[in-house]
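Sequence order for the protein chains is D and S. The working numbering applies: residue 379 is where the first sequence begins, and numbers increase by one. The working numbering applies: residue 9 is where the second sequence begins, and numbers increase by one.
Be aware that one or more of the hints could be misleading.
Said to hold, decoys possible - Listed next, with one range per pair, are the computed distances between beta-carbon atoms:
#, chain 1, residue 1, chain 2, residue 2, range
1, S, P47, D, P492, 17 to 27 Å
2, D, Q489, S, G61, 42 to 52 Å
3, D, H460, S, N73, 16 to 26 Å
These are calculated hints, taken from the structure and not from any lab test. Quick caveat: nothing in here was measured; it's all calculated off a predicted structure. No residue lacks a Cβ here, since even glycine has one placed at the ideal position from N, Cα and C.
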Amino acid sequence: AQSVTQLGSHVSVSEGALVLLRCNYSSSVPPYLFWYVQYPNQGLQLLLKYTSAATLVKGINGFEAEFKKSETSFHLTKPSAHMSDAAEYFCAVSGSGGYQKVTFGTGTKLQVIP
Amino acid sequence: NAGVTQTPKFRILKIGQSMTLQCTQDMNHNYMYWYRQDPGMGLKLIYYSVGAGITDKGEVPNGYNVSRSTTEDFPLRLELAAPSQTSVYFCASSYSSSARETGELFFGEGSRLTVL
Chain D
379 AQSVTQLGSH VSVSEGALVL LRCNYSSSVP PYLFWYVQYP NQGLQLLLKY
429 TSAATLVKGI NGFEAEFKKS ETSFHLTKPS AHMSDAAEYF CAVSGSGGYQ
479 KVTFGTGTKL QVIP
Chain S
9 NAGVTQTPKF RILKIGQSMT LQCTQDMNHN YMYWYRQDPG MGLKLIYYSV
59 GAGITDKGEV PNGYNVSRST TEDFPLRLEL AAPSQTSVYF CASSYSSSAR
109 ETGELFFGEG SRLTVL
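Using the sequences and the hints given, assemble the complete structure.
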C-alpha cells in the first residue's frame, strides 16, 4: 500500500524566512508525487508534481520540491515566505494500487508571521 | 469554464436520512473522485471512477454509494446518515491518457455535511 507522512501538522515562519514542509512517502512502485495547497473554504489546487522527469520540481508561487529516492522524501521549500502563503499544504502519492488512486497526507498548516 | 461543480454547499441531515451530493465536471475528464476531509486527518478517498459505468472503492467506502452514468456526473449517495459521516466532501476530476500516469486533480469547492 502507498502512503505519505507529513511531519508537523502546524509550521510557523516569519515573513521572508525559508519555508520547509516535510513529506516522506511509501510506494512499492515508482511513484507520482504531488503537493497541493488549500486556502480557507476552498478546494485543493496543485502546486507541483513529480513524474520522474527531473528530481527537482518547480511549481507555482515560487515553491519547489526535491525527490530523494534514498530518503523516500519529497520536501516542499520556498526561499522567502509571503503572507499570502498562509494555507494548508498536502503531500500526495499515486502508483501502488493503481496510478489513479491518489493518497493524501494529513496536511501541514503554514502560518506566516509578519 | 466552470470546472468541477458540487451541490449543495451546506446540508444538515438527521440520523437515518439519506441524501445525494451532486458533482459535475465540464472538462471532459475521464477520472472522477470523492474524498472526505476531517480535521487533522487529511483527505480520505471514498470512491473513484475511471470512466462512465466503472467505479471502484477507495479507503472509506462504507455507508456510501456512487454511480457514473455519464462522463460529466459522479453523484455520491449517503444511505442512513450517521454522525460519523459529518465531514466536508470534495469531488475531484482528472485526465490521463494512460493508466500508468496520474493527472492533476481538479477539485470542487466542497460540500459541508452535518449529521445530527
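For this session: Enumerate the violated hints, using their earlier numbering and listing them in ascending order.
Result: Of the numbered hints given earlier, the structure breaks just one, which is hint 3.
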